Each structure stands twice: as C-alpha cells, then as structure tokens.
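Here is how the chains run, residue by residue.
There are 2 protein chains.
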Amino acid sequence: MSEVKTKAELAGSAAVILNQLTTEQKNEALLIVAEALIAGASAIIEANQEDLERGRKNGTPESLLDRLALDNGRIAGIAEGLRQIVHLPDPVGETLETLERPNGLHIIKKRVPLGVIGIIYEARPNVTVDAVGLCLKTGNSVVLRGGSAALSSNRKIVELIHLALSGTSIPPEAVQLIEDADRSSVDEMLKLNGYLDVVIPRGGSSLIQNVVQNATVPVIETGAGICHTYLDATADPQMSKEISLNAKVQRPSVCNSMETLLVHESFASVYLSELAEAFKEAKVELRGCPLTLQLVPWAKAATEQDYATEYNDYILNVKVVPHLDDALAHIAKFGTKHSECIVTDNDENAVRFLNEVDAAAVYHNASTRFTDGFEFGFGAEIGISTQKLHARGPMGLPALTSSKYIIHGSGQIRQ
Amino acid sequence: MSEVKTKAELAGSAAVILNQLTTEQKNEALLIVAEALIAGASAIIEANQEDLERGRKNGTPESLLDRLALDNGRIAGIAEGLRQIVHLPDPVGETLETLERPNGLHIIKKRVPLGVIGIIYEARPNVTVDAVGLCLKTGNSVVLRGGSAALSSNRKIVELIHLALSGTSIPPEAVQLIEDADRSSVDEMLKLNGYLDVVIPRGGSSLIQNVVQNATVPVIETGAGICHTYLDATADPQMSKEISLNAKVQRPSVCNSMETLLVHESFASVYLSELAEAFKEAKVELRGCPLTLQLVPWAKAATEQDYATEYNDYILNVKVVPHLDDALAHIAKFGTKHSECIVTDNDENAVRFLNEVDAAAVYHNASTRFTDGFEFGFGAEIGISTQKLHARGPMGLPALTSSKYIIHGSGQIRQ
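So the protein lines, in turn, are chains A and B. Okay, so the first sequence: first residue is 413 according to our numbering, each after it adds one. Okay, so the second sequence: first residue is 413 according to our numbering, each after it adds one.
Source of the hints: derived by calculation from the structure; they are not laboratory data. If you're wondering where the values come from, they're calculated on a predicted model, not measured in any experiment. Please note that the accuracy of each hint is not assured.
Which copy? The list can't say, so a pair holds if one copy fits it or any two copies do.
[Stated by the list, open to error] Below, simulated DSBU-like cross-link-like pairs (lysine-lysine); rule was C-alpha separation at most 30 Å, straight line:
1. K522 <-> K469
2. K417 <-> K603
3. K521 <-> K745
Bound conformation, chain A alone (with noise of 0.2 Å):
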C-alpha cells in the first residue's frame, strides 16, 4: 500500500478513539505537544536550517525563506497558538437541534468531528502545528501534506508531536505527516474517498486551483480575494480614506485587503485626487479607468485583466462608477465572493450593497481587513472559505465538524 493510503488508513483507525475523547483529554494532550515544542525548539530550528540551507541553494526568494524560518520567537508563538486553541470551547457533542415526534421517536442533532482531515499547504511549518491543534481539538485526526521545502522542519515537529501524544488519550498516529513530496502524494490524497473527509487546501491560487480542480473527496476551498471598497456620493471623506487606505496597504499581501477602489463620481469629483495623493505617499501604483486619469493625470491606465487580478501588492485599480448599480455589477463580475465593502452615509445604499452582493462577507463603513477568525472572535482558523457550502468566510473550529442523528425509540417501526 502506499505511503498515503497506509498513513490515512492509521489516521482513520485513530479518528475512532479521538471521537470518543472528552474535551479535557484532547485539551491536556494539546498542552503536553505545546511544551514538547518549546522543549524541542532547538531540534526543530536544527531542522528548519537544513531547509533554509537547501532552499538558498534552489536559488529560493528571500521572502519565502523568510515564511520558512523558524526561531526561538516563533516556535514560541506557535506554540502559544496551540495553548489559545485549547482555550477555545469544543464544539463536538454540542446539541444542535431535539425533535420529538408524534410516534414518539426522540431526535437528537449532535456535533461530531468531521473524521480524517486532509491539509494540503505550501512552506509555512507553522501551518503544521496550527492544523496539528485545530484538527485534534475537534476530535478529527490529520493527514497533512506540506510543501517539500520545509519537510526537515515538518518532519522534526511531527516527531516531537508523537513523542508527546503518546503519553496523553490522543494516539499518536492521529497525526500523519506525507514525506513523500512527490506531485504525485498530492494527486493520491486527492481521490483519497473512503480515507479522507474532506480536503483543505491553504496556500497561494495555483495550489488551490490544483485541489478544486482535481479532487473527488469534498473540499473546503480557501479562495482568492478580489475585495473591493466602493465610496459612495455621501460618503464620509475623512473614513473614506481611513479606510481604503487601511483595506490596501495594512496589509496587502493577504487575501482580505482591497484589490479595486470603486468610487461614485460625484464623490471622485472633490475627493479622488487628494485620495489619490495619500495612496502615492502610501507608495501604491494606481491604475485607473479613464474618467480617473482625467483626475489623477499619473495613474496608469486600467486593463480588463487588471480588475481581474488579485495583486497582493502594492497596486490598486480605481474606477469612476456614476451609480452604486454599477458599482455592484462590477462586483458581481469580477469579485471572488470574499470580502466587499461599501462606505456611505445613505442607509438604504448601505442595505442594498450588504443584500445584493454575493460574498461571504459585506461591510457597511469598516474594512475589508477584519475578515479574519481572530477579529471575528473565533480565536484560530483553519482559513478563510469562498465557497458556499458548509462553512463561507472565516472557519472557526465548528467548520471541522458534521452532525449526526441520534434516535431514541422504543419499537417503532414505519408504516
């Protein structure tokens, strides 16, 4: 059997004992793993050099051995992430719904965790350890899937989390770390129905596409964000501008900040160019549909697939719109569903942009930015979902659980 299907299979077989552990068991092992990690930091950052080492030697951006590099500091804080993730409440065996019917069946819905959960990511080993507490604080075993790049770190870590767990209720062989870092270990988890419950893809669009596109077991798609902020005629200038800068540039790599200003005419007629002068100081590159360059003379002209483009930089579309209509079928049409906002003081403005956008989360005068689990108070997430089903936006730890039906009878039969 191969490498995948053995390790999921031990990773099924441990998901029956972790469903039947109480929340204090799960919680008192996940504190052993945190102080087996800080214990271990010094094999773990031994680790994480031979990885740095092999990515300077691939030639390996500095940005991303930085995403790589673990040291004191950081294993503390992951470490500290795990702690944050035993303080949050357990949503297995929670009572969802009671149905008493007239034949006297007693229905019961509870909460129960999902199973084996597949996680496929790039090269951050801190994603090993959050998905490590997340999954297991749910009572669902992992099989996790990282990139090639940190496997000497991943595989220290997985080491050290066994070594822990296996003095606690969890059996270690909940976790499962694929080392096989072949293409091919991620197409195999992919069909892996039967073994896996579901897959969660977390890393850049290339690598999620590849899971949407490809995989016959359920997927939480954790998406892509074209986010964007629309300025209405009345709205506030000075917000206006706190907040398109804050949805740009607080943060622009990741996928809640804002991609394209959109902004009604008659309040880019006073307004644009000084909002304009506070991005350029911001050192953002704006691109601008026409009636835009005619107020902001050195921005660059806007393309179709500009709009379309999630920069995840220092750039920024801005369109002239002459109605909040068409501001919400440019939204329609180019938005990823994510995170949209609308900054007015026309109430019936804001009802119709927070009703009629189809995004997993809407705002009426704040930033995009917040759509985040810890600023949701969630606490950790396991990502952020664009798709519809099951769980849309910020995934706190109920998104890593189903339900079951518990019934009651006493001899009923169907007539």
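Since chain A is already given, all that's left is putting chain B on it; use the hints.
Structure of chain B alone, referenced to chain A:
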C-alpha cells in the same frame, strides 16, 4: 456558448433577483405553479405518453416505466407536494449568529440562498417539480438535467412552470431545463465552477458516482445505503422481529432499508431460527455466515461481496457475532454511513453503538426506515446526504442555503 453555459448564466442572473424576494412573493409564485400544473395535467399526460411509448419501443423494463408514468392522480400529488413546500418555514434571512466586537463592529451571520443549484437525476418527472419547489422556496435558481427517458414530460412541465412564473415575482429564468440528452451536457455541468454553486445528484449509485468522481463544482452526495440492524444479547425478541422485518421489507428498494442483520450469538441461539422463518414468509432470501447456516440450514452462504452489496431487494445477509465489538467492526467495514440500528435493552451497549457508529442516523430500538425528511418532520427533502460536509442525513430546506456575514461599522480599520 453551449446550452448548459447559456442556461446556467440565465439562472445566475435570475438568482440575483430571487435572492431579494420575500417569503410571501415566493410562496405566491409556488401556489400559482401548483395550479398551473393541475390545469395543464392533460398536456403533461400527453407529453408523458410520448416518453412512455419511446420507452416501450426501447424495451425499458416495466418497473422503470412505472416510475416514469404520470396520470391525473400523480400530477395532483406532485402539485400537493408544492403546496406543502409553501407551508414550510422559509430559512432565508434567518439570523444565525450575532457578534458584538470590542472595537464596535456589529457582525450578523445571516442565512442566504446558495445561488444556482444543479440537479442531475433520472427518469422520474416528479423530481423536476420537487426540485423546482425546494430551490425556489429557498431563493435559489435551479438548472435541471433529468434523464432523457423523461425529456418530453420534463419539457412540458417546465414550459408550464415558465408560463406560470411569468405572472409572478420569480423570473421564469430561475428554472432551466437542459434538453441536450447527450452525456456531455452532464459532464459540462459538473465542471461549471463559477456558474453552479452546487450539484446534487439524485438517482442510482452509478449516477451518483459519476457526479462525485467528475465534478469540480461542490457536490452534495446523496449516496447509497448499506444499512445494518444489530440485535444485541438483551434485545426484546418481539421488537427485534418487528424492527428487522420493517427495516427489510416495508420498502426494500430504498436507501434506508436494511441489507445486513447482525445478531449476537446468545440471541441467535434462541431466536434466530424463528426470526428466519418470519423473513422466509415475507419472501426474503437469506444469505448467512457459517453460524447462521448452522441455525438456519436452508439459508444460502453469504460472501464478502454480499456484505458490500446494496441489494435494494428481498435479499438479506445475516451474520452472527460474538460481541458488540464485532458488530461495530462489521458496520465500520461495510456500512455506507447512512442509517444503522441497535436493538437492545442494555443502555450501556446502546450508548456505545450510538456514539461509535459513524453514520448520518443511528437508531436505538427503531427501524432505519425512518431516515427521511417527512419522518423527521422537515417536510419535503431534496435527498439524504451521506457525506459529512454541509449537510448530513435528510436534507430539508436549510440544506439549500448558505450564510453571509454582514458587518456594520462606523469607520473601523484594522490595527
């Protein structure tokens, strides 16, 4: 553009309008559709005759022709089904969660339609109306791809629906029927990411497996049922007989009927031969394990393949097990996570069974035949989900919805 893409795009535009309708508007439209079907009954029956004649010419088996056939009574039943959907509560707009954040953000999680739902099904024209009713009630557009054997009937039904909707708030484009009988139209639907939000297969296991194996659009799997009933050592003999007979013979062709009876050896030694006689009287063929064959010499021998087969017929596997653990292991190996039952007077064993068996519905002392939207009190159902994501078990109206976070701010930006 292909028929599938053109129609899916029309459905998508209609979904934007549908999304904004009130419950009253939707209900009113559904009642008008119900009337139109009754008024158009003779036209439907005429079209249905074409399908039936073609079917007879092609040598379609009588049982399939029966599922395809429509008469005044069946059409009245279909219209009545629509009226029942009108009376169900509308889940859209429901507030699922409210979060007040320390920074003053006010976050509301609301239930919204999924958008555009693709339904792929076989030759039962009643599914056409059912699906239309359930999808429209929940504010979704629907793209129907029924079996070619029912094409004339479906065409006429959808023509009547379009005509009826044209006088209502629901745009007729919200209902689309794919008329291309070629298998390639199904393949195209399965890859229509960005146009279809979900595909739901309704039909036999080969149809479902084709959808699961080939879809890149999210799928809700309404799967096969290899359901077990386990008679524990302390099971009440009369209740055991009633429940197991009901689970097998009340309607053997459906997914929640029993395929394998597991019997504790101490119960078997006293009661199995009598129970076997009852099945014999009900014309059920028994296939037994070696211990069963000792007690019921006239039974056939069961093979591993038998345990893995969904008969949907008057055939039953019987296996004697020495312990609850063996029953659990058998179910874990051969079950399809649909519906499983334990009959016992031992509460400890009942709790273990209900907790440890991984299935959409687990029963203590009641027939598995109850896994059904009507029996659970949900009213009409779009199917029974055997996957763990999004919806599990009988799917009522809420399974056809997603959610959306609506965030009200006053200028908040992220620090």
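These are the hints, each one checked on the structure:
1. K522 <-> K469: Answer is neither: 52 Å inside a copy and 50 Å across each miss the 30 Å cutoff.
2. K417 <-> K603: both (10 Å within a copy, 27 Å between copies)
3. K521 <-> K745: between (39 Å within a copy, 24 Å between copies)
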